[in-house]
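Assemble the complex: chain A is given as a structure, and chain B must be docked to it using the hints.
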Amino acid sequence: MSKVVEISPTTRHEGHSKLVLKVNDEGIVERGDWLSITPVRGVEKLAIGKTMDQVPKIASRVCGICPIAHTLAATEAMEASIGCEIPEDAKLLRYILQCANRMHSHAIHNILALPDLYIPGTDVKVNPFTKEEPVRSVALRIQRIREIGQTIGEIVGGEAIHPSNPRVGGMYKNISPRAKAKIYDLAKEARVLTQQQMEFMIAVFRNYQRRDWAEVGGVEVPIPKDLGYHNQGYMATAPVYGSSSLDETPMWFPERFTEVRPWDWYMGEVEISEADPNYPIGGTTPVGKKAWPQMEACTGVPLYDGQPVEVGPRARMAMFKNYDEKGTIGLQIARQMEFPETAYGIIDAVDALDTSGSVLADEIPQGDGSLGWAANEAPRGADVHLARVKDGRVQYFSMLVPTTWNFPTCSRALEGAPWRLAEVVMRGYDPCVSCATHMLVIDEDKRLVAQKLIQ
Amino acid sequence: MLFREIVIAGCGNPLFGDDGFGPAVVEELQKLQLPDNVKVIDAGLGAPHFLFTLMEDAEVPVKKLIIIDITDFGGNPGDVTKLRPEDLPPGSYRDAHSWDLSEPLQRLKDVIDITIIGCQPKRVASHEFELGLTEEVERAIPKTVRIVLEEIGVEYGAAINHQGTHLWAAPGETAGEPGGKTGEQT
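The listed protein sequences derive, respectively, from chains A and B.
Anchor point for the first sequence: position 56 equals 56 in the working numbering, and the numbering is continuous, going up by one each time.
Anchor point for the second sequence: position 76 equals 1076 in the working numbering, and the numbering is continuous, going up by one each time.
Here chain A stands alone, though its shape is the one from the complex (with noise of 0.2 Å):
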């Protein structure tokens, strides 16, 4: 007899989801439904009849976690819609923002990871915010890779965080000499940092792949050896950057894609029978209320080839380096195996950069209406964009982020899960849910009573 569990909020990654959990009497999961509580953005309508210089900005904007691969997949779609080739200075400016990206995101990724998992050799988990060693070199590590991230992002991009240096045609100017000297610098030192780094994540997994149980809001809970295990194909358009409709082999196809209501994917209304208020943060959903997945999810479902895929790091790497472990822990070291790649990709392209190069198109075309697209592999996989633009103006837009592909797959992924490990087999795929604003509420005295959550 199937009983019903409900973990919402999730936590510890970045956005508003929720899991519904069909459980057998055991606790495992035989149908699960990872969805997204974040309401529907809507930014495509907004686009309709902006400048194509407009809409990357509006792009960037939708999203806190991804505003530079949301920027470039917008503005590389605009061009693709016009048929417009940037300057390969520009191409090089562009690829060292996106490593720049993936490093700081995938650190990020690894603080949000790290409570899951056991310091090697000890019952103990790891505490990311311990000010006691060897924890707290791993974090201060960490917040360094971080850092040179954000700066090499903010020297090339312009803005530290919605980058305001890309454009259509190419980019707004070129760097520096001396900030050329600078990344160069910063890179050198990631790229010891990054690789030290992947090492020590690599067997903090690999310790608790060795596991037989993890401990969860006081219960010692059984790893299977296959957590996290789908069979969907994996998606991805190029190991580090991207593809767009201007290349001569495209790696994405608009005709292979389809989207399904969330009706038709998740499942019906269900009472919740199962509820654990021990289990962290605040205990799952009271026995007695009632979910209503199909109704609350947020996201329409994509699919590519009439089925969900994987997209993300083990995506890039199934495709281009024949990477072939499954499960959350193989998801996890593929993450980590692009660390360094982003500090070698950095320094490669700007070993090759012509800092006096030109870095805007001679000639950028006002478009025809003609479809264009871009695939941006964001740090949590292909972020596609797609674009008609005609004399200038957008007639069309269109946004498939990362974890929207992920939902359905990692759904599928839950099964055969204990549901007490569901967050863990979830936290893999590094959700980035589309994103919310915040405002503080304070009372009369100027005392602040309530947060709102403006979506």
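Honestly, the hints are just simulated from the structure, not real lab data.
Heads up, the beta-carbon is just placed ideally off N, CA and C, and yes, glycines get one too.
Warning: the hint list may mix true and false statements.
Footprint (simulated), chain A over chain B, 3 or more residues, beta carbon under 8 Å [as the list claims (entries may be wrong)]: (1) 1012 to 1018; (2) 1039 to 1045; (3) 1139 to 1153.
As a list, the in silico BS3-like pairs of lysine-lysine whose alpha-carbon atoms are at most 25 Å apart [unchecked claim]: (4) B/Lys1031 with A/Lys173; (5) A/Lys180 with B/Lys1039; (6) B/Lys1122 with A/Lys173; (7) A/Lys45 with B/Lys1122; (8) A/Lys131 with B/Lys1039.
What follows is chain B alone, placed relative to chain A:
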């Protein structure tokens, strides 16, 4: 360099009406010639995870942080208030991403002097995106710039007009609408 001794971070999303206040103030501040130890950042949607979590271990120690954001304190639209991190009990300044690093300000307040400048919004679009600030909140920009300058000890002795006139412009030179938004706006 990502940080300097004084960091001014404008937070918010220009796609949601008045929530774009923080980035709009930053845009004005970036037109000014500020001391070398000041860094102005358009933090957009990423401040808690891209900036605040990095400050504690930053290469250049941050001594002062000024956050500019909208705040609902029951004032009239465009009113500006100053808050300290102590006004925000743990959990109040929650990053929209519900993760463990959501209270970096509580961690930082013991090592960094933090001031939050909040503006009462008039309209924050919640379901549809909406570009542009309301008139009342837009008028709060020069006032906020002045408060920031006071906080960092910069005295320009000039009225600030956010309509595009630089502070060092010649007297009478404005870029606002004729007969309109020049001079003080508070």
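Evaluation of the provided hints:
1. 1012 to 1018: Per the Cβ count (5), the hint holds.
2. 1039 to 1045: holds (count 5)
3. 1139 to 1153: Coverage by chain A is violated for the region 1139 to 1153 of chain B (0 residues, Cβ < 8 Å).
4. B/Lys1031 with A/Lys173: holds (18 Å)
5. A/Lys180 with B/Lys1039: holds (21 Å)
6. B/Lys1122 with A/Lys173: Roughly 37 Å separates the two Cα atoms, so the pair is violated.
7. A/Lys45 with B/Lys1122: holds (24 Å)
8. A/Lys131 with B/Lys1039: violated (29 Å)
The structure fails to meet hints 3, 6 and 8 from the earlier list, while all remaining hints are met.
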